[in-house]
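As they're listed, the protein sequences go chains A and B. For the first sequence, the working numbering begins at 19 and goes up steadily by one. For the second sequence, the working numbering begins at 19 and goes up steadily by one.
No lab work stands behind these hints: they were computed from the structure. There may be inaccurate statements among the hints.
What the hints assert, rightly or not - Sample of chain B residues facing chain A (criterion: CB under 10 Å; computed from the structure): (1) 133; (2) 148; (3) 149; (4) 168.
As the list claims (entries may be wrong) - Now the stretches of chain A that chain B is said to cover, found in silico as 3 or more residues with beta-carbon under 8 Å: (5) 52-59; (6) 62-70; (7) 105-113.
Claimed, not checked - Listing some non-contacts, in silico: residues in chain B with all C-beta distances to chain A over 12 Å: (8) 53; (9) 54; (10) 70; (11) 92; (12) 108; (13) 110; (14) 111; (15) 112; (16) 120; (17) 136; (18) 150; (19) 151; (20) 152; (21) 154; (22) 155; (23) 159.
Just so you know, these numbers come straight off a predicted model, no measurement behind them. Even for Gly, the Cβ is constructed at its ideal location relative to N, Cα and C.
Below, each chain spelled out in residue letters.
2 protein chains.
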Amino acid sequence: MRNITTLTFTALTLLAAIPASAEAPAAKTEHGAYEDWRLLGVSHRLDKHYVRAILGNDAAIAAARSGKTKPWPDGTIIAKVSWKEQTHAQWPQAVVPGEFAGAEAMIKDAKRFAATGGWGFAHWEGKNLVMNDAEKSAACFACHTIRQEQDYVFTTQ
Amino acid sequence: MRNITTLTFTALTLLAAIPASAEAPAAKTEHGAYEDWRLLGVSHRLDKHYVRAILGNDAAIAAARSGKTKPWPDGTIIAKVSWKEQTHAQWPQAVVPGEFAGAEAMIKDAKRFAATGGWGFAHWEGKNLVMNDAEKSAACFACHTIRQEQDYVFTTQ
């Protein structure tokens, strides 16, 4: 029933996104390959006023479900998708996604990214996953360093 | 690359869940079939102190991405997965999932559930999707009635 394909990083960037209308619930991202990934977690950043979904590629989901995340295996990609927080128009007790605010990624390759804990930091530009420059990567890693014991990942629940 | 199978409601309840360790990121649900579904939205219920992920089966995702949600087609199932809110242990500006608090479903069958807007209300008991009793269904429908113009679904942004 379930068809899990091992996707390479290169192949992921080529995945065609499904067209979406502006009114559709799943339409508020920029249609990167992560849209078809499965859920690892959610968060609400009270300081930045963002709500987020944390998604994983097949390697990430397999690692998470088998508890093999110390370290996460090479090939893992974790996506952090952010929207501006918004009060639901008809249910003000609920904070829900507003405007799409970007999608970022952590890519595990212990050798390639040895200088930053084995993780490469990237972001999606439309459908394309683009590596961050050195300055931005250093900024990402600086915050993630406090999670060294959890292999630098905040989502561990 | 993508393999979408049309799953029947019966088949969904038979889907085997992937074993998960208590430490794994994706381990805090009760392993219903919805764990492999794709994301429709997230929410933070400030009154109930829950954070939530809204997931859809293949029919739901196809409808959402093509903008055909007025009405959602028969066969749609939308899952609302809830966790108690929790402050992240190392990043207190972030509200993240704590204890798993249940998973509920809306099942679209315009004929079968005509009395409640075409939606059946259900919940997962472990891997099994169980229809709510009449009293509970009436309570669900009572709140969803204010969303009649959006086919009774809150997640439409």
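Status of the hints after comparison with the structure:
| no. | hint | in the structure |
| --- | --- | --- |
| 1 | 133 | violated, 22 Å |
| 2 | 148 | violated, 20 Å |
| 3 | 149 | violated, 22 Å |
| 4 | 168 | holds, 9 Å |
| 5 | 52-59 | holds (count 7) |
| 6 | 62-70 | holds (count 7) |
| 7 | 105-113 | holds (count 6) |
| 8 | 53 | violated, 7 Å |
| 9 | 54 | violated, 6 Å |
| 10 | 70 | violated, 7 Å |
| 11 | 92 | holds, 18 Å |
| 12 | 108 | violated, 5 Å |
| 13 | 110 | violated, 9 Å |
| 14 | 111 | violated, 4 Å |
| 15 | 112 | violated, 5 Å |
| 16 | 120 | holds, 15 Å |
| 17 | 136 | holds, 17 Å |
| 18 | 150 | holds, 20 Å |
| 19 | 151 | holds, 24 Å |
| 20 | 152 | holds, 24 Å |
| 21 | 154 | holds, 19 Å |
| 22 | 155 | holds, 19 Å |
| 23 | 159 | holds, 15 Å |
Violated hints for the displayed structure, listed by number in ascending order: 1, 2, 3, 8, 9, 10, 12, 13, 14 and 15.
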